[in-house]
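4 protein chains.
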Amino acid sequence: MSEPTMGRFEGKTHILPVRVYYEDTDVSGIVYHANYLRFLERGRSEALRLAGVHHMVMMSGEEPVAWTIRRIEIDYARPAKLDDALEVHTRYRVLAGARLNGEQWVKRNGEDLVTAKIEAALITMSGRPRRIPEQVRAKIAQYLD
Amino acid sequence: MSEPTMGRFEGKTHILPVRVYYEDTDVSGIVYHANYLRFLERGRSEALRLAGVHHMVMMSGEEPVAWTIRRIEIDYARPAKLDDALEVHTRYRVLAGARLNGEQWVKRNGEDLVTAKIEAALITMSGRPRRIPEQVRAKIAQYLD
Amino acid sequence: MSEPTMGRFEGKTHILPVRVYYEDTDVSGIVYHANYLRFLERGRSEALRLAGVHHMVMMSGEEPVAWTIRRIEIDYARPAKLDDALEVHTRYRVLAGARLNGEQWVKRNGEDLVTAKIEAALITMSGRPRRIPEQVRAKIAQYLD
Amino acid sequence: MSEPTMGRFEGKTHILPVRVYYEDTDVSGIVYHANYLRFLERGRSEALRLAGVHHMVMMSGEEPVAWTIRRIEIDYARPAKLDDALEVHTRYRVLAGARLNGEQWVKRNGEDLVTAKIEAALITMSGRPRRIPEQVRAKIAQYLD
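Residue numbers (this note's numbering), protein chains in the order written: chain A, 364 to 508; chain B, 364 to 508; chain C, 364 to 508; chain D, 364 to 508.
Any given hint could turn out to be false.
[To be verified] Straight-line distance between alpha carbons at most 27 Å, and here's what the computed BS3-like set of lysine-lysine pairs gives: (1) A:K375 / A:K502; (2) D:K375 / D:K502; (3) C:K502 / A:K480; (4) D:K502 / B:K480; (5) A:K470 / C:K480; (6) C:K470 / A:K480; (7) D:K444 / C:K444.
Please keep in mind that the hints were generated in silico from the structure rather than gathered at the bench. Everything numeric in this text was worked out from a predicted model, so none of it was measured.
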């Protein structure tokens, strides 16, 4: 069995290759705008996984906690098309309390298609923010930029 | 505040109007095949809601139980396009133990586009089948065909 | 046959009721962040339709043109859950050349869950911006705020 | 730049590793049933690509043609969960005229989770079936089982 790719770090930037399929496109012939948010989430998840955080829902004491999104700013400069080989670049910037901020961009052949600023937070299943656990902070901290 | 539509029953067949948006289409200019499964789920959910089952995740004793899909047979006869006004027709056929079988079809202007046979089941969060609770059975039973 | 709802205008604000289904949720028990962008697109499309713009891909002279998204700022304040009855509110703000700006927010029982600023533009299938056609401008203009 | 994986063939079976992300799950904690159809499409696309068919929308003479789905039978035996490393297995069975039939299954650690029979066809943008072009037939034929 071969594992799905976790991408790679170049310095503190994580890079995940992503392919564009029919599922990602819309009638205008290009990637549907909301689907870049799915690509970005894949990038953030694999950045964490490669940094050693293997579970995207984790235990904080006896309680399960999950990542949620607080805010996104996203600029669409150029469209991606069916069959394109893209790269999702992820750079984590700030880790504070329950909060994790990052910058992400989607490239094709070295050209930026989409750029985004993301604020994520860790919350309980009832929606309350929870400080990111110490061992998770340590793993992310080594890639903070 | 106005509520989202729950559709209507004509005899034992539930009918839900659905609009096709960019999100539903793909590069070939028509509705992406997997997205009909989302339309069908909306139809099944509103059929249950209008029959009096208001919570799609419910309690069975002290345990939450959710609907899962066991099997689908789906035939795509004609494509739907952006802006189309569709109708999802749902007819429940068999209710037995944890299991609920139905037939569904998607129409546009009286013409069938897609037809499907669905087998759903009620399961616990750890994946074990659970007999459909008595008060839920009674509500569905009146629309069994 | 009954048509899917086009929502309604209250003054210059368009309001579309939307239901949360399994398809919209994720493992953390709430609506997946990217799926609000689908809700917002439904709101913008029905606002246009109710204003008299019936085709989301239209002809500009002899060429088909489609709406694309240039930029989104979105804030997630409170989560929506399975079975929730939501309202998507849409207010168009600026119409200039190929560009249409709007503000949107998602409410539940009078409370804001998500707020967004959106910049859309009309483009050809090869990606070039196209001035919004005169008869479309006139229809949107009456609801500009 | 590293390319997204195209998976590999083992004999005539194509195998594509796929990771489960938040986007794929629903409130019941498992992969939403319609999303397996997205995984299956990725498997079929990469099987074609690795066989030498690089464009999922292609020219047939002077006309663009795209793959469409005619029929799916899908059985859900066991659920997949967030962070799971899955494999999509694809075996093409029959290639006749416009039509391509295949069998697919999704595995985790050697265990089948989902099995499916798929009938695809090549159509023009106006929906008419088109005989699969000769050079494409030759590439698929070597992997027909």
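Verification of the supplied hints:
As the CA atoms of K375 (chain A) and K502 (chain A) are separated by approximately 12 Å, the hinted pair is consistent with the 27 Å bound. Of the pairs offered as hints, the one joining K375 (chain D) and K502 (chain D) holds, with about 12 Å between alpha carbons and a cut-off of 27 Å not exceeded. Distance restraint check for K502 (chain C) and K480 (chain A): the Cα-Cα separation of roughly 34 Å exceeds the 27 Å cut-off, and the hinted pair is therefore not satisfied. Under the criterion of a C-alpha separation no larger than 27 Å, the hint pairing K502 (chain D) with K480 (chain B) is inconsistent with the structure, at around 34 Å.
Pair hint K470 (chain A) plus K480 (chain C) holds up; C-alpha atoms about 24 Å apart against a cutoff of 27 Å. At most 27 Å may separate the alpha-carbon atoms for a hinted pair to count; K470 (chain C) and K480 (chain A) meet this at roughly 24 Å. Note on K444 (chain D) and K444 (chain C): the hinted pairing holds, with a Cα-Cα distance of about 20 Å set against a maximum of 27 Å.
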